[in-house]
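My request is simple: use the sequences and hints to build the entire structure.
Chains as they are written, first to last, in the working numbering: chain E, 1 to 260; chain Y, 261 to 520.
Simulated from the structure, these hints should not be mistaken for lab results.
The structure displayed is predicted, hence computed values, not measured ones.
One side of the interface only, derived from the structure: several residues of chain E facing chain Y at Cβ under 10 Å:
#1 G216
#2 T245
#3 R255
Per the computed footprint, the stretches of chain E lying under chain Y, defined by three or more beta-carbons under 8 Å from a beta-carbon of chain Y, are:
#4 119-127
#5 150-164
#6 168-176
#7 246-254
Just so it is clear, CB atoms sit at the ideal spot from N, CA and C, and this is done for glycine as well.
There are 2 protein chains.
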Amino acid sequence: MRVGFLQFNPQLFHEKQNLNKISKMLQNCNTDLVVLPELCTSGYLFKSNIEMESLSSTADGRIPGFFKNISERENTAIVAGFLEKDEELFFNSQIFVAPSGNQVIYRKTHLFFNEKDLFSPGNSGFKIAHYNDAILGFMVCFDWIFPESARTLSLRGAEILCHSANLVLPFCQKAMITRSIENHVFTITSNRVGTETNGTQELTFTGMSQITDPSGNILVRADKTEEVLLVVDIDPEVARNKMITEKNHLFEDRRKEFYE
Amino acid sequence: MRVGFLQFNPQLFHEKQNLNKISKMLQNCNTDLVVLPELCTSGYLFKSNIEMESLSSTADGRIPGFFKNISERENTAIVAGFLEKDEELFFNSQIFVAPSGNQVIYRKTHLFFNEKDLFSPGNSGFKIAHYNDAILGFMVCFDWIFPESARTLSLRGAEILCHSANLVLPFCQKAMITRSIENHVFTITSNRVGTETNGTQELTFTGMSQITDPSGNILVRADKTEEVLLVVDIDPEVARNKMITEKNHLFEDRRKEFYE
Chain E
1 MRVGFLQFNP QLFHEKQNLN KISKMLQNCN TDLVVLPELC TSGYLFKSNI
51 EMESLSSTAD GRIPGFFKNI SERENTAIVA GFLEKDEELF FNSQIFVAPS
101 GNQVIYRKTH LFFNEKDLFS PGNSGFKIAH YNDAILGFMV CFDWIFPESA
151 RTLSLRGAEI LCHSANLVLP FCQKAMITRS IENHVFTITS NRVGTETNGT
201 QELTFTGMSQ ITDPSGNILV RADKTEEVLL VVDIDPEVAR NKMITEKNHL
251 FEDRRKEFYE
Chain Y
261 MRVGFLQFNP QLFHEKQNLN KISKMLQNCN TDLVVLPELC TSGYLFKSNI
311 EMESLSSTAD GRIPGFFKNI SERENTAIVA GFLEKDEELF FNSQIFVAPS
361 GNQVIYRKTH LFFNEKDLFS PGNSGFKIAH YNDAILGFMV CFDWIFPESA
411 RTLSLRGAEI LCHSANLVLP FCQKAMITRS IENHVFTITS NRVGTETNGT
461 QELTFTGMSQ ITDPSGNILV RADKTEEVLL VVDIDPEVAR NKMITEKNHL
511 FEDRRKEFYE
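So, in structure tokens, the structure goes:
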């Protein structure tokens with residue numbers, strides 16, 4: 001299975017430009033699955049819901065339609081963060097679309113810092129999707145710091161954690177290695193690069209998007225600034241076997257009676 | 261608070277030699293708390309319960325008595341792994357003793373590989389202890405790979421995770437950085453060094469004992485082979501504040517309704 005991430009620099013408020021870049025960078029991508037960053041069609045540093053309004057999309061609207069088209073065009077599944085609006089609520093969401101038309105929307109469970117003033121906490125719960133004999137799990141950015149996110153997805157069968165991010169600190173990339181090891185899964189973290197400012201605040205995103213295997217090896221990692229599509233071949237079946245020694249099954253060895 | 265670890269090379273079957281070394285290396289240690297490796301009085305690579313019999317001790321027996329004496333002599337709390345026997349059962353246990361006489365026994369929850377043939381799975385559950393205005397939590401070696409271990413201890417208030425280990429792989433030291441960050445706690449991993457053989461199996465332990473702070477910084481780390489006592493000053497109160505941004509409380513932000 002050929003999986004990859006697209007690391008790039010979305011421009012705040014410039015949806016058309018962002019969609020064009022995504023479309024171009026994914027041309028002939030020759031992947032089965034590609035993961036894009038959090039909020040990658042809109043940018044990140046909004047100050048108000050008014051600013052977010054025109055950039056938002058419903059789950060069957062403009063942005064999901066765009067990714068569906070690219071998915072069909074390139075015959076690849078796509079996972080991408082986008083700004084979802086549902087009734088009067090805004091969600092920091094992630095869409096999965098497959099060439100078959102299968103679509104899943106995950107709404108970020110754990111909001112970070114000022115996102116709490118702009119978004120509603122995700123109400124979808126953690127989601128998985130069956131795709132090409134593999135099971136994918138979905139998570140967005142700050143979900144990483146809660147081990148329960150990756151754990152919940154993995155216990156539900158996820159073999160590849162698709163992680164869309166806008167990271168400003170460097171801890172997460174290392175922590176995702178631990179997430180791989182403790183759940184014996186692949187992880188694909190697609191982080192953005194570049195600097196955004198909204199007049200009162202400035203953020204520089206840390207790139208270093210990466211793919212890890214169930215043993216915690218980094219299969220590929222981008223640098224801190226490049227815009228790039230990186231792809232590797234993986235065998236998701238490796239993540240299905242939770243026997244990490246002849247006598248240790250990573251999930252059956254859990255002793256839930258002793259956990260908080 | 262002055263906390264440290266003792267990294268050394270216990271000799272299989274040579275209890276007297278091991279106790280002498282511990283006693284000498286802790287002379288005038290000038291610590292408030294020092295953590296020792298897993299099974300540090302007996303060695304690790306037993307082949308049968310018969311071999312373990314004479315090296316084992318009850319919770320009020322010879323080995324706890326030894327650590328109690330050292331604790332009083334040096335006026336420091338001690339956490340150390342030892343071979344416990346209770347009725348007919350052997351446990352891979354960890355003792356905490358304070359100069360006050362307070363004692364806690366934790367029995368390793370998650371047994372690794374051949375330990376399953378020799379030890380009973382711990383039945384104590386995860387334990388904490390109040391000590392000098394701080395709260396300690398206890399874990400042994402392979403407990404590290406289950407995020408629920410550190411999580412459970414931290415949710416119960418532990419600010420310093422005292423981790424006694426006999427590690428043969430290098431993943432854990434990195435993962436303990438993640439354990440620090442995801443729980444905003446200090447961790448002290450005391451790993452042993454040296455090589456043990458029992459005729460059919462040989463193990464080399466990886467050292468690199470370390471102390472991490474709640475932000476995931478490594479405050480001190482030993483190398484792969486040295487026998488050494490390393491000590492740092494920490495402020496456990498740092499671990500008490502779980503606000504990792506102005507708007508994010510690491511524990512109150514948990515959304516248990518969505519976790520498996």
